[in-house]
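Chemist: From first to last, the protein sequence lines stand for chains A and C.
So the first sequence is numbered by numbering that gives the first Met the number 0: it starts at 0 and just counts up by one.
So the second sequence is numbered by numbering that gives the first Met the number 0: it starts at 0 and just counts up by one.
These aren't lab readings, by the way, just hints derived from the structure by calculation.
Model, not experiment: these values are computed from the prediction.
Misleading hints may appear alongside valid ones.
Result set (DMTMM-like, lysine to aspartate or glutamate): computed pairs, CA atoms no more than 20 Å apart in a straight line [as the list claims (entries may be wrong)]:
hint : chain 1 : residue 1 : chain 2 : residue 2
1    : A       : K59       : C       : D474
2    : C       : K449      : C       : D493
3    : A       : K286      : C       : D500
4    : C       : K99       : C       : E117
5    : C       : K316      : A       : E226
6    : A       : K59       : C       : D174
7    : A       : K266      : C       : D174
8    : C       : K498      : A       : E226
9    : A       : K266      : C       : D493
10   : A       : K351      : C       : D74
11   : A       : K266      : C       : D500
12   : A       : K392      : C       : D493
13   : A       : K294      : C       : E358
For reference, the chains in residue letters:
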Amino acid sequence: MKLVLVAGAVAALVAGTTALRGEAEQVVILSGDTQGYLSPCGCSSPMIGGIRRKAALVRKLSISGNTTYLENGGLVEARGRQDAIKAETLAESFEAMGVTAINVGPRDAGLGIGAILQLSQFAPGKLITLSIANPEAHYLGTTVPSGPFLVGGATEAPQAVAGSLGDSAVPLGRSVKDLVDAAETAGLKPVLMLQGSHDTAARLAHDFPDLALIEYSAFGSPPLAIETVGSTVLATPGESGKFVVALTYRDGRFGGYRSIALGPELKDDPEVSRYYAAYLRRVKEEKLIDALPRKATAAYAGSWACGSCHASATHIWKGSDHRFAFQTLRKQMHDADPDCVSCHVVGLDSTKGFRSQASTPQLAGVGCESCHGPALNHVKSPSRVKLPRITQKACLGCHNPLNSPNFEFNSYWRKIAHR
Amino acid sequence: MLIAVAALAIQTVAPLRPTLSIGCSREIGAAVEKIAKLTEAKDFKGAAAALHLIPGRETNVAWDDQSVPGGSRYDFGRSRDLAMAEWGTAVGLTQFVVSKTAPDIAFSFVPDGGMTLEWSDDLSKPRLTVKIGVKKGDAPVDPTTVHNDVAYAIGTYLGITKLPLPGLLMSGVDDATQILRLSGIEAAIARDNVTSCEKVAEQVGRSLPVSSGMPSMEADPQPVKLGPIIQGMPIELSFAIKNTGAGTLLFRIIPDCSCFSTQRTQVLQPDKSEDAKARMDTTNFSGMVQNGLVRHNLYLLSNDPAHPVRQIPVEVKITPRYRLLPDRQVVIADDNGNVTYTAYLYAPADHPLTVTSAESQGLPGAVTFEPWSGIMADPDLNEGPLPRKGYKFTLKLKGIPDGMQLATNILIGTDDPNFAQISDQVFVQKGIIVLPPQVSLGEVGKAPRKRSFFVTRRGKPFSILSADVDSKHLDATFETTQTPGEFLVTVSYDGQAPKGDYHATVTITTDDPNQKTIKIPVTGTVR
């Protein structure tokens with residue numbers, strides 16, 4: 000009798016908690032498609048993005064026990080060793096931020112089964128996909144319950160995920176039906192993380208009106224306002240982990256839509272900052288720069304060799320930020336990071352180019368040959384070997400929208416104008 | 000006679016027509032307009048009194064922190080001083096002084112809620128009254144928030160409108176967890192506004208007229224939706240602007256992405272029309288699962304106080320310029336270390352791409368290429384088998400060593416200047432491979448932790464004879480998986496290593512005479 004009473008009391012307590020939770024506002028945080036941008040590159044200000052800022056924001060937005068935080072895959076873009084280390088760092092960071100689920104998309108699966116195993120150990124039970132037939136054989140789950148929701152992950156390119164993991168693909172429509180059915184059985188609202196386009200998300204919302212929310216993938220910035228198709232909310236955090244979208248859910252309705260840029264107003268989270276520092280140490284210890292593919296080119300001379308004939312241009316270079324570009328990286332502990340070093344030295348993709356500060360000091364920093372190409376032969380025989388003419392396209396390899404979002408040729412050229 | 004000449008001289012002086020900055024606020028526009036009208040009515044005394052409505056050389060700041068808990072007053076005061084100093088330095092023309100006398104801005108604290116700002120045209124009251132909640136929800140407000148609130152309020156007083164661009168102090172974001180710094184554009188807007196107000200004050204001081212009539216921007220920029228566009232094709236956008244007001248209109252488009260190039264600030268006299276233009280470079284956007292959907296925002300800033308900023312959403316669908324298949328490929332070398340790998344490039348049928356060269360970058364090897372057409376699926380784009388046309392590349396490599404996975408590139412030259420050189424990364428491996436090649440425990444504490452990894456050789460089974468470790472804090476076991484020729488090795492960390500970086504090595508012994516031992520570094524950080 001006593002036991003029954005206790006059990007009854009516990010049941011009442013659980014029911015009460017459930018009732019309270021049912022009434023409480025659920026915070027929904029949408030992130031994803033980090034695409035390997037663990038850090039906002041420091042090339043120009045104010046840079047947006049980075050996991051250290053994201054962690055600060057996610058912690059600020061989260062309400063203990065009433066938060067659904069989704070990472071819609073796309074952790075990295077490529078499948079090299081650095082990408083695998085990035086993905087591990089992201090998984091460890093997302094776990095620290097209290098992630099609900101991580102959708103495994105084509106790029107993530109492309110890292111291979113070895114990497115997926117590691118990620119599943121850094122974020123146990125959080126990696127999910129409905130896009131392959133046997134996810135558990137690849138250390139993946141299918142759905143995760145969170146508050147009033149059942150969260151599932153899928154991709155509109157299931158063949159790409161299946162091909163990378165050696166499994167068979169599940170068509171998207173069937174994946175989503177599985178999610179909707181499972182949610183109905185559990186008495187929860189289905190939420191879909193979709194590695195797929197807005198068009199596909201809209202179609203799914205039309206075909207599966209029970210879906211409460213679809214998080215999809217898109218380049219650029221999130222839309223300014225909440226979008227609904229029927230009663231399904233469609234939202235995206237945009238590209239490169241620059242934004243987080245936050246919503247609230249209460250009484251069966253979403254509201255409070257906000258697209259929040261991860262700007263400099265967000266102080267780096269201390270815990271994730273430690274993981275980020277460990278990432279940089281791993282990149283350095285594994286000597287990833289030495290493993291970069293290089294092509295045979297003509298030899299480089301170093302910018303100082305240009306000065307004897309091009310005194311004025313060299314003088315301008317000496318006073319420019321370009322000259323000190325590698326030192327900037329060293330200060331930021333990124334001097335062994337291939338992602339960054341390629342744009343801060345001369346000829347990283349060449350067998351004759353930058354190797355290290357110690358062995359090729361004349362090629363550390365952005366120099367004349369970063370734009371004009373290898374020039375040792377020109378230095379030896381200026382009249383016989385001419386360097387090719389270049390245009391402003393020479394700038395765009397490094398000053399691209401992600402690394403240099405404020406780049407504008409005319410104003411930047413004025414800083415280094417020379418003839 | 001002399002008096003008459005002087006009066007004539009005053010009458011012939013052209014009245015000042017103040018030009019505020021792009022991004023100026025409605026309130027500063029209205030205040031300047033009010034002063035101008037007073038001068039036009041020759042009420043210079045009234046105009047001089049009304050100068051209180053616009054920022055001047057000295058800004059008095061009243062600070063009532065009676066509602067602030069005693070322990071926070073000092074820190075909040077420092078936050079205020081920092082914000083005032085930043086604006087003072089950035090603008091250079093105005094000093095901020097904490098004073099109870101004739102305050103221009105009056106700060107006070109209330110028990111709860113976010114910051115509120117209230118303007119007043121009453122010359123006996125502070126121009127701007129700012130109330131900051133001591134608590135926001137359940138959380139007490141901190142010095143960082145006070146700084147950002149004070150800095151935002153000062154920016155508002157200096158006539159800057161709310162700017163919805165990411166990362167700016169004047170974006171008025173509510174989620175800041177650290178101090179926001181002034182950007183160049185915010186400082187420039189404040190400087191230009193204060194300079195204009197200075198000129199107004201000088202004019203009033205000399206009893207000279209100021210012309211009323213602000214610029215008025217007639218523009219109706221609609222959200223842009225374009226596509227599909229082939230990646231690399233530029234997109235020209237233009238928005239018709241007409242100045243229907245009396246003042247000189249300044250306008251400028253500021254993009255949220257350097258994929259746009261825009262013009263510098265444009266000047267438009269009354270009744271004149273001109274286009275605001277932006278050009279989008281689509282080279283950096285490919286298709287993939289996003290289906291090429293790109294969203295960005297343009298911000299049309301002007302000095303029309305009624306419309307200082309308009310946000311123009313831009314949505315473009317972009318089709319990839321080319322596709323390289325297969326993607327993310329790992330190629331297994333034969334027993335002699337030789338690799339032959341085939342890749343395909345295709346382009347949209349109506350935008351063919353001519354390949355001009357192909358070479359191997361990285362591992363020594365040779366690449367040949369030839370025109371190709373056939374049927375092929377593109378899984379990443381979720382496209383089944385379709386007719387494609389492009390090129391076939393054959394990469395031949397020699398001498399791939401055992402036990403390594405190496406990256407190499409096929410470098411492809413094309414006739415499209417936007418894609419003059421493109422590369423296809425290929426991974427090659429031979430022999431027994433460890434996946435991943437190094438194992439990270441991550442950050443560990445006192446709790447034990449396990450990590451597993453694969454030791455594998457596809458298509459040619461082998462045996463592991465032993466798995467040893469060189470650390471007393473680590474143990475290693477191994478088991479076969481369902482895949483022939485594959486083992487799962489598990490290392491168990493005991494949680495007892497001293498603080499700092501942790502390094503250990505697992506040594507696997509195999510029955511393969513070419514790879515008798517394989518070493519796997521294990522790293523972690525002990526806290």
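Chemist: Does A/K266 pair with C/D500 here, judged by a C-alpha cut-off of 20 Å?
Modeler: violated, 25 Å
Chemist: Given the proposed pairing of A/K59 with C/D474, does the C-alpha separation stay at or below 20 Å?
Modeler: Since the Cα atoms of A/K59 and C/D474 sit roughly 39 Å apart, the hinted pair is violated (cutoff 20 Å).
Chemist: Could you grab the alpha-carbon distance between C/K99 and C/E117 and see if it respects the 20 Å cut-off?
Modeler: Status holds; Cα separation ~18 Å.
Chemist: Hint check: A/K392 vs C/D493, CA-CA at most 20 Å. Holds or violated?
Modeler: Judged against 20 Å, a Cα distance of about 55 Å means the pair is violated.
Chemist: Is the hinted pair A/K59 and C/D174 satisfied, with a Cα-Cα distance of at most 20 Å?
Modeler: holds, 8 Å
Chemist: Given the hinted pair A/K266 and C/D174, is their Cα-Cα distance within 20 Å?
Modeler: Measuring from Cα to Cα gives roughly 10 Å; hence the hint holds.
Chemist: Is the Cα-Cα distance between C/K316 and A/E226 20 Å or less?
Modeler: holds, 18 Å
Chemist: Does C/K498 pair with A/E226 here, judged by a C-alpha cut-off of 20 Å?
Modeler: Answer violated: C/K498 to A/E226 is near 49 Å, above 20 Å.
Chemist: CA of C/K449 to CA of C/D493, is that 20 Å or under?
Modeler: holds, 9 Å
Chemist: Taking only the CA atoms, is the gap from A/K286 to C/D500 under or equal to 20 Å?
Modeler: Satisfied, since the Cα-Cα distance of roughly 17 Å is no more than 20 Å.
Chemist: Holds or violated: A/K266 and C/D493, Cα atoms, limit 20 Å.
Modeler: The hint is violated at about 34 Å.
Chemist: Hinted pair, alpha-carbon criterion (20 Å max): A/K294, C/E358. Please report holds or violated.
Modeler: holds, 9 Å
In this structure, the earlier hints numbered 1, 8, 9, 10, 11, 12 are contradicted, and the remaining ones agree with it.
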